[in-house]
Amino acid sequence: MTREALQTGSTIDGYLIGEKLHTGGMATLWRVTHPDIALPIVMKVPMILDGDDATVIVGFEMEMMLLPRLTGVHVPRCFGVGDYARQPYVVMEQIDGDSLFPLLEKSPLPIADVVSLAGKTAAALVDLHRQNVIHFDIKPSNIMLRKSGEVVFIDFGLSRHLQLPDLLEEEFHVPMGTGPYIAPEQVLQNRTDFRSDIFSLGVILYHLTTGERPFGFPQNVRGLRKRLWRDPVPPRKLNPETPPWLQEIILRCLEPDAGKRYPTAAQLLFDLQHPGEVKLTERAERLERDGLWTVTRRRLGWAGTAGSARQPETIAATSAPIVMAAVDLSEGMEQLADTLRINVQRVLATVPGVRLACVNVLKQNRVGINYSLDDEGRNIHVQRLVELKDWARPLNLERENVTFHVLEHTDPATSLIEYARSNHVDHILIGARGTGGLRRFMGSVSSQVVAEAPCTVTVVRVAQMADQDIDE
Amino acid sequence: MRIAFLSDIHGNREALDAVIRHAERQSLDRFVFLGDLVGYGADPVYVVDRVARAIENGAVSLLGNHDAAAATGTIEGMNDYASAAIEWTHHELDDDSRALLLNMPMSAVDEDRLYVHSEASSPRSWQYITDSGSAERSLRATTQRLTFCGHVHKPQLYHMTPMKSPVLFVPQPGIGAPLVGNRKWLAVQGAVGQPRDHNPAAAYSILDTIRNELTYFRVPYDIETTAAKIHAAGLPKILAARLFIGR
Numbered sequence: 001m002t003r004e005a006l007q008t009g010s011t012i013d014g015y016l017i018g019e020k021l022h023t024g025g026m027a028t029l030w031r032v033t034h035p036d037i038a039l040p041i042v043m044k045v046p047m048i049l050d051g052d053d054a055t056v057i058v059g060f061e062m063e064m065m066l067l068p069r070l071t072g073v074h075v076p077r078c079f080g081v082g083d084y085a086r087q088p089y090v091v092m093e094q095i096d097g098d099s100l101f102p103l104l105e106k107s108p109l110p111i112a113d114v115v116s117l118a119g120k121t122a123a124a125l126v127d128l129h130r131q132n133v134i135h136f137d138i139k140p141s142n143i144m145l146r147k148s149g150e151v152v153f154i155d156f157g158l159s160r161h162l163q164l165p166d167l168l169e170e171e172f173h174v175p176m177g178t179g180p181y182i183a184p185e186q187v188l189q190n191r192t193d194f195r196s197d198i199f200s201l202g203v204i205l206y207h208l209t210t211g212e213r214p215f216g217f218p219q220n221v222r223g224l225r226k227r228l229w230r231d232p233v234p235p236r237k238l239n240p241e242t243p244p245w246l247q248e249i250i251l252r253c254l255e256p257d258a259g260k261r262y263p264t265a266a267q268l269l270f271d272l273q274h275p276g277e278v279k280l281t282e283r284a285e286r287l288e289r290d291g292l293w294t295v296t297r298r299r300l301g302w303a304g305t306a307g308s309a310r311q312p313e314t315i316a317a318t319s320a321p322i323v324m325a326a327v328d329l330s331e332g333m334e335q336l337a338d339t340l341r342i343n344v345q346r347v348l349a350t351v352p353g354v355r356l357a358c359v360n361v362l363k364q365n366r367v368g369i370n371y372s373l374d375d376e377g378r379n380i381h382v383q384r385l386v387e388l389k390d391w392a393r394p395l396n397l398e399r400e401n402v403t404f405h406v407l408e409h410t411d412p413a414t415s416l417i418e419y420a421r422s423n424h425v426d427h428i429l430i431g432a433r434g435t436g437g438l439r440r441f442m443g444s445v446s447s448q449v450v451a452e453a454p455c456t457v458t459v460v461r462v463a464q465m466a467d468q469d470i471d472e
Numbered sequence: 001m002r003i004a005f006l007s008d009i010h011g012n013r014e015a016l017d018a019v020i021r022h023a024e025r026q027s028l029d030r031f032v033f034l035g036d037l038v039g040y041g042a043d044p045v046y047v048v049d050r051v052a053r054a055i056e057n058g059a060v061s062l063l064g065n066h067d068a069a070a071a072t073g074t075i076e077g078m079n080d081y082a083s084a085a086i087e088w089t090h091h092e093l094d095d096d097s098r099a100l101l102l103n104m105p106m107s108a109v110d111e112d113r114l115y116v117h118s119e120a121s122s123p124r125s126w127q128y129i130t131d132s133g134s135a136e137r138s139l140r141a142t143t144q145r146l147t148f149c150g151h152v153h154k155p156q157l158y159h160m161t162p163m164k165s166p167v168l169f170v171p172q173p174g175i176g177a178p179l180v181g182n183r184k185w186l187a188v189q190g191a192v193g194q195p196r197d198h199n200p201a202a203a204y205s206i207l208d209t210i211r212n213e214l215t216y217f218r219v220p221y222d223i224e225t226t227a228a229k230i231h232a233a234g235l236p237k238i239l240a241a242r243l244f245i246g247r
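These protein sequences, in sequence, are chains A and B.
Quick note: the first sequence uses my numbering, first residue 1, plus one each step.
Quick note: the second sequence uses my numbering, first residue 1, plus one each step.
Keep in mind that the hints were calculated from the coordinates and are not lab data.
Beta carbons are placed, not taken as given, at the ideal position from N, Cα and C, and that holds for glycine.
Simulated DEER-style distance windows between Cβ atoms: (1) A:D83 with B:D29: 18 to 28 Å; (2) B:A232 with A:D83: 46 to 56 Å; (3) B:G133 with A:L39: 42 to 52 Å; (4) B:S132 with A:G14: 37 to 47 Å; (5) A:L292 with B:R211: 53 to 63 Å; (6) B:G133 with A:V351: 35 to 45 Å.
So here's chain B without its partners, still in its complex pose (with noise of 0.2 Å):
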């Protein structure tokens, strides 16, 4: 089976549009959505219609931080230009996508796999993974040999066995990593819609489960019209800026 991941989409409609587009060439059995579909973003109704007609479809979609916010309304803990953007995004969404939104799980089990937001420990809290330390918290926390995660917005694979912390592995993007062995992997994923790791491509990964191989793509899109309708909704002009520099 050959499966997608996408996370952090951000209601950004132009990368999702090219992901979906380069993944459905790469012959895919279904796509998991690891949360974040909305927020910062211009265009959470699109975004939020497409995931919806792929769960229809049979895709896994996952609770963000994001969406539990723009669904609720609550702002609680973000800062400024995020807060801005939760507010705005809330009053674009209609009663459904919000009830939609609220009802995606918080994680999800696959065979060996576990599919989750943020840090697995305690994913309510929406700990980031950003080190060994991080990562190995996620991994101890789960019996299932390979974890998807999103929420940080860099792409990071970590590989642990029973007795040593986790060793990360910076993707590289169009070359299949093999998940081989007896160990733990942890596959965090980086943005669709606003990656932070300075390469503006949009990013997703596909695990082809026959060859137990984990492949990062970046697929680059039409960030001007992106941020134009950014700048047009009176979103925050850095949620826009930043799309250019991948930060």
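The shape of chain A in the complex, shown without the other chains (with noise of 0.2 Å):
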């Protein structure tokens, strides 16, 4: 390909070339201005090397194709593409942050930090994950902070778009990704698992909480390779201040076989933002690595599935949901809370992998000392809390799939949104205590969530007698 070389002071499509920003190793990133565009812009550039390079050409395709679908304050906004055939491009907004990358020198990072991190990469992986696009690159230089506090995902040159042509697939017979943080299905090419990305984020929460990569920087495919059977050393050796919950969220998100991660980045951002609520399990005490015996059967276990790419069924973004149960706990609504577990229970057996939330709200005043405490010393917070466990028992859920909230508000059904909004909840079940007109005229509960909930939301009602007033 011959193509006039990009200078500043040139135009292309409109665009004034400005002053080179950057050159990489794939693309160069120039400052560029429109007219029509008030926002810093920079357009990327392919390198156009001897030969073209074709992991640069598809690689780059792929962004073309990607970038303007993409959505959200997580991906940076695109305001054009160039045509292949005369000079490829991408106009994007200019991110004012710096990259996770500088971090790596600093770490460890106090725990704090490591966790708010991985909250704020998690929320911008649910985000990726519900436009059906799976990244495949996720490392600290790809990983942009913008001044407001979100984090964006840059160069998706190696993603794919599950319901977009893979112009990667099948272009390339050895593992595309990067070193220290491809995922072992990853490095047996299956390019189809979203939680390749979880996997790949937990290297790099690994390497911010202990200062060491969790599998090295291997340089060749039989490197690479040694994920799929030798575990890290656990963090909490190598950093003591490691709460063992944060350990329990590492080393899940570094399972090597996909099926014992996180099912969705949600689950684990849900897990993020209640330490308290994740299920510790052997891997949260782990000292040690793995014996020899341990490991070499690991990988005599992968020794059948070498050489080839096991390709699983392709896990859907809304697979896994986060389902909350909206429990009124009061008095006479004993028989309302029955139907609402009924319709839970419904819900649990159709859809695999739910992940439920049971939540009560402790409704406060809105003026005047709120008494934690009641008459005979008993915390009201710890009597719901209780209420709430003994309200879920007759489903029989495993620990792992069910936690239990208890919002202190003066708004119920304020709170009950707001909690379904930070915790990307894809599924509220909620009782309405009546249908009369009076309840209409004053607003409930579950009409305001209806109203307002970023999800879908299902009403439970009693069955009502045919001459029953409804009116309460």
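Hints given; two lone chains; assemble the complex.
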């Protein structure tokens, strides 16, 4: 391909080329301006190498395909792409912030900082995955932090949109990714699993927590394959300040078998936001790597699948949903609570991988003192929690699939909606006390939740007799 | 420019009308018919008239193997059901309609696009595109960046770089696929009038040349009416039954 060399001062498709900001291995970055665009924007242009390196070309084709289709605060806003035959380029907003790359040198970071960055990155992954895109190259230099605090992913050259053609599929017969961060299934050239990004995030969290890379920096496929069977040194051994729940989260992200990782980024984020609710397993307590015997057995187990990619079913980003049951524990509402449980049961029976959050709101007075202890000295909050667990008992759920939350708030509907939003809840089930005119007029908790929730809401009612007075 | 591609209507009036209604809501500039207007279905006269009017308004329409057979009355190389339908169709059509069919071109080139009914390396032998190998034969036979064809009744989208074999992508209805980059694309259309990919809804697609984006659509239509007409015409019953299951 012969193309006119871009230079400062030249114009293409109305973009005036400014200074060259960066020359990377695959592309150059230019500051540009356009009469119709007020925001600071940059133009990314692929490097023209001798023989046109296929990875550069295909990676750039992927970016030109994906960037205009992505939306939200966690991706760079795209303004235009160039015609491939003439001059390929992508014009996007200039992110006002730095990447996470410089933080690696400062690691280990304080635990609170690691958890905060982890949450921001997981939230961005939730957003990306919900757009049907797997990034496949999550690493510190591809994660930017806006001044406003949100994480932005850049460089979608290895990414895949599950509803669009995968230009990298069958194009290359080597694993595509970055050595320290690549997930085991990517090493086996499987490009279908959202949980590959969760693995890569686990590598970053491990590094930020311990100051070391969990799998080193392998330079060849043989070295990459080692992560299929060799477990990393437990973070608590390298940094004793690592809380067991954080080690649990990191090592769960790093499970070689994707089926043992968090099923979705939303579920990972949920644990990061509720450390007290993380179910601790043997992972949390581990202080040594597995013994030679275990490692050898694992290696032999993987040997059966060596060489070829195992192609599991593509997991949708919307599978393994977080379902929230908003439980009304008031006296006189027992029948409604039972009906809610029956409906929750139906959802659990039909949808695999559900994570259930049982939520109750402890209403606070708008003015005056809120007594946290009642006359008998029993903590109302704890009592509610006990009642909530008792409500869920007949569901017979495993401890890792259910959590319990008592929210204290003056406005129950608002607190439920805020909870659903910050925890990326997929589906709310909530009871409605009645259908009467007064309730419609005054507004009910369930109707406000229906109107304002960021997700699907199912309203549950107790079936009524034909001649029953429906107003309470 | 926004171009709608319709292939393999096969005399199915209800499917054609449903697709045209759907397409006209998508702010279109042009229709391209990729062959097999008739054969199998009970409304060949209506379909030919409808397409003839579209041609007067600038549409492009190509010859398909069933069109050639129905116009001339030759059933060579066809199975029993197809040949029964061709004989019936041949008698339904008047001389003008037969002449119109035979006047349609085998292929057409439009900017960077090739239009053809079947595999492009040998259009007159009516080969199917069913896999990477047949897609590659077709793509290597043209210098056009984009090829649009029909004939196999199953939507498929292939993309190929110069040094590699084509890769198949099964299009997702309603989601625009960008035909980016430094590669050739082969867009095999599903059938308007007799889908065979287990989805009975009528298939067509729209190319947006500015956005360089191709969107496949599926449009449900009144199959019961179509089937009743096939029965009433005395055509083989299987030609009605298969419409309900898209096979």
